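Visitor: Once you know that position 25 of the sequence shown is 25 in UniProt numbering, the rest is easy, because the numbers rise by one and skip nothing.
Careful: at least some of the hints might be erroneous.
[Stated by the list, open to error] Below, a list of computed lysine to aspartate or glutamate pairs in the DMTMM-like style, where the Cα atoms sit at most 25 Å apart:
| hint | residue 1 | residue 2 |
| --- | --- | --- |
| 1 | K167 | E98 |
| 2 | K83 | D131 |
| 3 | K63 | E11 |
| 4 | K135 | D72 |
| 5 | K41 | D30 |
[To be verified] Here are the computed distance ranges between Cβ atoms for each label pair:
| hint | residue 1 | residue 2 | range |
| --- | --- | --- | --- |
| 6 | K5 | E116 | 36 to 46 Å |
| 7 | S42 | K63 | 21 to 31 Å |
| 8 | A39 | S102 | 35 to 45 Å |
| 9 | E51 | N115 | 11 to 21 Å |
| 10 | L38 | E98 | 46 to 56 Å |
| 11 | Q112 | N16 | 25 to 35 Å |
| 12 | Q155 | Q25 | 30 to 40 Å |
| 13 | F65 | N134 | 20 to 30 Å |
| 14 | Q155 | L21 | 39 to 49 Å |
No lab work stands behind these hints: they were computed from the structure.
On a predicted model such as this, the values are computed, not experimentally measured, just so you know.
C-beta atoms are modelled at their ideal positions from N, C-alpha and C, and glycine is treated no differently.
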Amino acid sequence: MEQIKNMKVLEQLGNNCYRILIQNQQAQLDVISKRMVLANKSYLQLRKWIEIQYHINHPNVQKLFFYCHDQDNVYVVREYMSKGSLINWIKYGDFDEELLNSIANQLFSVQQYLNENQLYLDLQINNIFFDENNKIKISNLEEIEHKSKKINQSQQIGLILYECIFKRKCRFDYVMQNDQVVRQPRVLITQEIKESVLKLLQEYMK
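Using the sequences and the accompanying hints, generate a full structural model.
Guide: Here is the structure:
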């Protein structure tokens, strides 16, 4: 608890989430109620998420600096992402080819890192934020888990790029596949889409 005693709250970002100044550095503070964790029986999940994210070391994954707790709450201090979410960039901003190519490269780099460390996180547009240098940061790692088998997320990355290019969400159908319900994109694959997305994917594969 000594680590957060001298922090200064600058702004409330969301429910129990704050932008703070600590040790002359801006950071994100998440305050997690122990009562809620126990009520939801999610203690082991919380512990696993914190332990995994604390040890992740990749420039495109939000860094967890430290965590502590008292009688009532768990306090998690993470990297602050000042440029907001990719969702807002899609809604209000514009993407040139250079930025799209940069996003694609960074997403594939994250996928490679996760596979090498036997980790899996469903890459989705609402998990992607930007720091002050316009580098993407994968956040919301609560659902991250260990996977011994490598998972190719090229389709998810392609869908993220699709939403960036065409500024609209991709609709999905849910179908049975190998006795499991899987999500399939309901996308009209026009030649324009193929050329735009595949060009970015091919740039990374060079």
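Visitor: The structure should be examined with respect to each hint, and the outcome stated for every one.
Guide: Do the hints match the structure? See the list:
1. Note on K167 and E98: the hinted pairing holds, with a Cα-Cα distance of about 17 Å set against a maximum of 25 Å.
2. A threshold of 25 Å between alpha carbons decides the hint, and for K83 with D131 the separation of about 5 Å falls inside it, so the pair holds.
3. A hinted pair counts as satisfied when its Cα atoms are at most 25 Å apart, and K63 with E11 qualifies at roughly 20 Å.
4. For the hint linking K135 to D72, the alpha-carbon distance of about 35 Å lies beyond 25 Å, and the restraint is violated.
5. Taking the CA atoms of K41 and D30, the gap is about 19 Å. The hint holds against a cut of 25 Å.
6. For the hinted restraint 36 to 46 Å between K5 and E116, the CB-CB distance of approximately 38 Å keeps it satisfied.
7. Range check, S42 to K63: Cβ separation about 23 Å, and the 21 to 31 Å hint holds.
8. Between A39 and S102, the C-beta spacing of about 42 Å keeps the proposed range 35 to 45 Å intact.
9. At about 19 Å, the CB distance of E51 to N115 agrees with the hint of 11 to 21 Å.
10. Our hint of 46 to 56 Å for L38 and E98 holds, since their Cβ atoms are close to 48 Å apart.
11. Separated by about 33 Å at the C-beta atoms, Q112 and N16 satisfy the suggested range of 25 to 35 Å.
12. Separation of Q155 from Q25 is about 37 Å and conforms to the stated range, judged on CB atoms against 30 to 40 Å.
13. For the pair F65 and N134, the supplied restraint of 20 to 30 Å holds, since their beta-carbon distance comes to about 21 Å.
14. At roughly 40 Å, the beta-carbon separation of Q155 and L21 lies within the given 39 to 49 Å, and the hint holds.
Consistency with the previously given hints fails for number 4 only.
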